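K.L.:
What follows is each chain in one-letter form.
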Amino acid sequence: MPQDYPLIVVNDVDYSYLNGTVALKKINLKIFKGELVGIMGKNGAGKTTLIRTFNGLIRPTNGNIYINAENIKSKTTGTLSQKVGIIFQNPQHQVFSNTVEEEIKYSLKSLNLSKSETQFKTDEILKKFNLDKYRERSPLNLSGGETKKLAVASIFCRDPEILIFDEPTLGQDAKEISFFIELINSEMKKGKTIIIVTHNIEFAMEYIPRTVLMADGKIVADGPTKKIITHEFLVTKSALVLPQISQFNLALNKIGIACPDTIYSKNTMIEFLADYIRNKSKVVSGENN
Amino acid sequence: MSLEFLNAFKFQKKNTFVHNLDPRAKLLFSIVYSISALMFTEIVPLFIIFLTLIPMILLGKMVKEWIRSIRGLSFLVIMIIVLNTFFISLGYAIAMIIRISIMITAFSIFFLTVHPNDLALSLISMKVPYPYAFSFSLAFRFVPTIANEAQNIMDAQQSRGYEMKTSGLINQIKNLFPLLVPLIICSIKRAFNVAEALESRAFGSFKDRTYYYIIEYKFKDWLFTIYLICFFIITIYVRIHFSFMPEWFAWEMGV
Amino acid sequence: MHLIEFHNFHFRYKKNKEYQLNDINLKIDDNKFILLCGQTGSGKTTLIRCMNGLIPQFYPGFYRGYVNVLGKDTAETPIADLSTEIGIVFQNPENQLISMNVEHEIAFGMENLGVPREEMEKRIKEVIKLTEIEHLLDKAPFELSGGEQQRVAIASILVLEPRVLVLDEPTALLDPSMADKIIKLLKRIQMEKRVTIIISEHRMDLVIPYVNEIILLENAQILEHGKRDEVLNGENFQRLNINKPVIYSVFSKLKHEKLYKEQVPASIDEAIRYFQNYN
Numbered sequence: 008m009p010q011d012y013p014l015i016v017v018n019d020v021d022y023s024y025l026n027g028t029v030a031l032k033k034i035n036l037k038i039f040k041g042e043l044v045g046i047m048g049k050n051g052a053g054k055t056t057l058i059r060t061f062n063g064l065i066r067p068t069n070g071n072i073y074i075n076a077e078n079i080k081s082k083t084t085g086t087l088s089q090k091v092g093i094i095f096q097n098p099q100h101q102v103f104s105n106t107v108e109e110e111i112k113y114s115l116k117s118l119n120l121s122k123s124e125t126q127f128k129t130d131e132i133l134k135k136f137n138l139d140k141y142r143e144r145s146p147l148n149l150s151g152g153e154t155k156k157l158a159v160a161s162i163f164c165r166d167p168e169i170l171i172f173d174e175p176t177l178g179q180d181a182k183e184i185s186f187f188i189e190l191i192n193s194e195m196k197k198g199k200t201i202i203i204v205t206h207n208i209e210f211a212m213e214y215i216p217r218t219v220l221m222a223d224g225k226i227v228a229d230g231p232t233k234k235i236i237t238h239e240f241l242v243t244k245s246a247l248v249l250p251q252i253s254q255f256n257l258a259l260n261k262i263g264i265a266c267p268d269t270i271y272s273k274n275t276m277i278e279f280l281a282d283y284i285r286n287k288s289k290v291v292s293g294e295n296n
Numbered sequence: 012m013s014l015e016f017l018n019a020f021k022f023q024k025k026n027t028f029v030h031n032l033d034p035r036a037k038l039l040f041s042i043v044y045s046i047s048a049l050m051f052t053e054i055v056p057l058f059i060i061f062l063t064l065i066p067m068i069l070l071g072k073m074v075k076e077w078i079r080s081i082r083g084l085s086f087l088v089i090m091i092i093v094l095n096t097f098f099i100s101l102g103y104a105i106a107m108i109i110r111i112s113i114m115i116t117a118f119s120i121f122f123l124t125v126h127p128n129d130l131a132l133s134l135i136s137m138k139v140p141y142p143y144a145f146s147f148s149l150a151f152r153f154v155p156t157i158a159n160e161a162q163n164i165m166d167a168q169q170s171r172g173y174e175m176k177t178s179g180l181i182n183q184i185k186n187l188f189p190l191l192v193p194l195i196i197c198s199i200k201r202a203f204n205v206a207e208a209l210e211s212r213a214f215g216s217f218k219d220r221t222y223y224y225i226i227e228y229k230f231k232d233w234l235f236t237i238y239l240i241c242f243f244i245i246t247i248y249v250r251i252h253f254s255f256m257p258e259w260f261a262w263e264m265g266v
Numbered sequence: 000m001h002l003i004e005f006h007n008f009h010f011r012y013k014k015n016k017e018y019q020l021n022d023i024n025l026k027i028d029d030n031k032f033i034l035l036c037g038q039t040g041s042g043k044t045t046l047i048r049c050m051n052g053l054i055p056q057f058y059p060g061f062y063r064g065y066v067n068v069l070g071k072d073t074a075e076t077p078i079a080d081l082s083t084e085i086g087i088v089f090q091n092p093e094n095q096l097i098s099m100n101v102e103h104e105i106a107f108g109m110e111n112l113g114v115p116r117e118e119m120e121k122r123i124k125e126v127i128k129l130t131e132i133e134h135l136l137d138k139a140p141f142e143l144s145g146g147e148q149q150r151v152a153i154a155s156i157l158v159l160e161p162r163v164l165v166l167d168e169p170t171a172l173l174d175p176s177m178a179d180k181i182i183k184l185l186k187r188i189q190m191e192k193r194v195t196i197i198i199s200e201h202r203m204d205l206v207i208p209y210v211n212e213i214i215l216l217e218n219a220q221i222l223e224h225g226k227r228d229e230v231l232n233g234e235n236f237q238r239l240n241i242n243k244p245v246i247y248s249v250f251s252k253l254k255h256e257k258l259y260k261e262q263v264p265a266s267i268d269e270a271i272r273y274f275q276n277y278n
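Protein chains in written order, with our numbering: chain A, 8 to 296; chain B, 12 to 266; chain C, 0 to 278.
Isolated chain A (complex conformation) (with noise of 0.2 Å):
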């Protein structure tokens, strides 16, 4: 369950490229300590913009950034990365040694742990993620799903606080999602933060109860995801489309269906329909009586 104190404030944050390009305008955020939220917005919004201010790898031009009420200012990417792992959309970006078990011991290495700790919990990161039957194999020869297994592993492995992850539904079929699922469930369980940048407005709608939603470097809109991103006027602002579900709600009431607004989920939809029919049906039956 969320928690009282903010892990992470963001506070008035601006941020321009060098080139004098404005991606971020006057970012205000709250996040609370085992909170899932979920940011989306069009490309070029400034998600990953956003994200990468998280743990330093873009500085702001003004505003500043706290972490458990430290401001991030003087910190190195690479201590904050001990609190905030951020995984990428591209696991080929990250591969680089010999075999998969050397990789994850990499990420562990700046963790200045133990021999043995660094084993053990290598071993347990790769049983977690099913990876330890390729523990010899190099990375390079990892289809691409399981790529992107290892390169969540190596940011798991650390342990940090904070999980950040970049599009992770992305070209992913309904197994690996279901996988990719599970593991935030048991990662919520232990406490963990979890923010996830996706387009993937489904995935949102069923698994992320709060939502910010960017639009051109602002947050237009910041709150539970069912308000947000069912509704009309945000929706086309930020050039996203309505989910499926609420689309088929309006068209109903346009036909003089009258389905309440509550109605958002595929169960709900299903409960809906079904009673609709079943009560039809008895009008029906009545009529021919």
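None of these hints come from the bench; they were simulated from the model. Just so you know, these numbers come straight off a predicted model, no measurement behind them. Treat each hint with caution, since some may be false.
Claimed, not checked - Derived Cβ-Cβ restraints for the label pairs, each shown as a range:
1. Met195/A <-> Ile199/B: 33 to 41 Å
2. Lys24/B <-> Glu191/C: 28 to 36 Å
3. Asn260/A <-> Glu174/B: 51 to 59 Å
4. Gly230/A <-> Tyr273/C: 33 to 41 Å
5. Lys25/B <-> Asn192/A: 52 to 60 Å
6. Ser216/B <-> Lys33/A: 50 to 58 Å
7. Lys14/C <-> Phe151/B: 31 to 39 Å
8. His134/C <-> Gly179/B: 46 to 54 Å
9. Asn192/A <-> Glu118/C: 57 to 65 Å
10. Tyr65/C <-> Arg220/B: 46 to 54 Å
Even glycine gets a Cβ: it sits at the ideal position worked out from N, Cα and C.
Chains B and C: place on chain A using the hints.
P.N.:
Just chains B and C now, kept in the frame of chain A:
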């Protein structure tokens, strides 16, 4: 030495006399001026050659970029002054600085005003086989992509504890591996992707190839070429008959 | 004659022990919008590479059977010749754009084929109108957004006037509204130019409404290939562990509860039509 000085060689699209010259004329220009600069070690002739470059810089509206390139060279300049003064003379050092400025400016003008497409086309017109000319422009095309990729790799590695700054020469070399290995692997994978895309667009039958863009030598290109030829003849003449030049021409600094 | 025909085709890459494609029999005809789906690793990309000769000419390996494009064997016919019939747009548009500006990018394929300049100009004019990239002609590839890159890639293939346009996860890197635009563009291309579109996609909700046929791939084999509604309502689609369209999930549950007896609707519009008639 800051990498900023490389900006002095990055093509910028403008509509000036210099930009509109045929790329081959400009290549000739860079070569002629560089050879002329190499022919002299005396300050005055080198300075005169340098002065003739200034109209080109002004005509091409490249003053800002040119200043940037010279600024980026400042470290090199100081090294040259120190070493040459120590081993030969201050006069010689200054002459060397002017010489280097001429050569760098000449090539900077070339790269600033020639679009990589045109560069490939000029190579082709000089009978360089198409695959080589094409690889050349392909390399140019992917430089920003690879730079971007390198940045992404640095971000990803830093996110798992990699520290950019370390001490000690051996450590610094070791520290390059987590950056270079993924970069090389990604580049090789990219090369395969590019190759298969090229195959799928009929790349390969060079004999019957047509060209969408063409470069043509126009009247002003011929004029410019004639100017370059005259310039070159004059410099050779001066070099050969150097002893017949007025005294101030051969002036050397006393130091 | 079919546009593409696979006949008892098997293929494994040189370095692999297992076959990536097992006994593939497939016939592709013109003016269709076809969805290729299957789990990751089921062989989709491999199948796509067979369609223009990249397999087995560019990717060496062992094969049995044959693949014909308009009667021509893809193992014997030069890929350059096949490229005028089958166009492939690969996953990452960035790696397909090889020129320094968009205009030249579109001309590139035609240059390779020796198309005369006037013809090149004519085709470019047409194609940039259809793909709505007239304003991008001078831009360099890295200056383009993901959606723009994808449109340029599509234009640069379309200009070769292929009979089939194959796309490998074209919307993967795009945001939802851009993905929607691209799918609509592809449908327009199919209908205006009578080009068969074959698209491999995970984002079912976006694509299914426009599709005529579905090919289901599982474990290197073709599980089913048929008309969209037949496949959608079949057992195979139900059973496969792939991302299913939301409307499909809703209505197949209703069907399971015996509350709905028709064919599962493939789009919100179809579902609405059902309820309109129901009233």
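K.L.:
Now look at each hint and say whether the structure bears it out.
P.N.:
Going down the list of hints, with the structure as the test:
{"no.": "1", "hint": "Met195/A <-> Ile199/B: 33 to 41 Å", "result": "39 Å, holds"}
{"no.": "2", "hint": "Lys24/B <-> Glu191/C: 28 to 36 Å", "result": "34 Å, holds"}
{"no.": "3", "hint": "Asn260/A <-> Glu174/B: 51 to 59 Å", "result": "57 Å, holds"}
{"no.": "4", "hint": "Gly230/A <-> Tyr273/C: 33 to 41 Å", "result": "34 Å, holds"}
{"no.": "5", "hint": "Lys25/B <-> Asn192/A: 52 to 60 Å", "result": "57 Å, holds"}
{"no.": "6", "hint": "Ser216/B <-> Lys33/A: 50 to 58 Å", "result": "57 Å, holds"}
{"no.": "7", "hint": "Lys14/C <-> Phe151/B: 31 to 39 Å", "result": "33 Å, holds"}
{"no.": "8", "hint": "His134/C <-> Gly179/B: 46 to 54 Å", "result": "53 Å, holds"}
{"no.": "9", "hint": "Asn192/A <-> Glu118/C: 57 to 65 Å", "result": "59 Å, holds"}
{"no.": "10", "hint": "Tyr65/C <-> Arg220/B: 46 to 54 Å", "result": "31 Å, violated"}
Violated hint: 10 only; the structure is consistent with all others.
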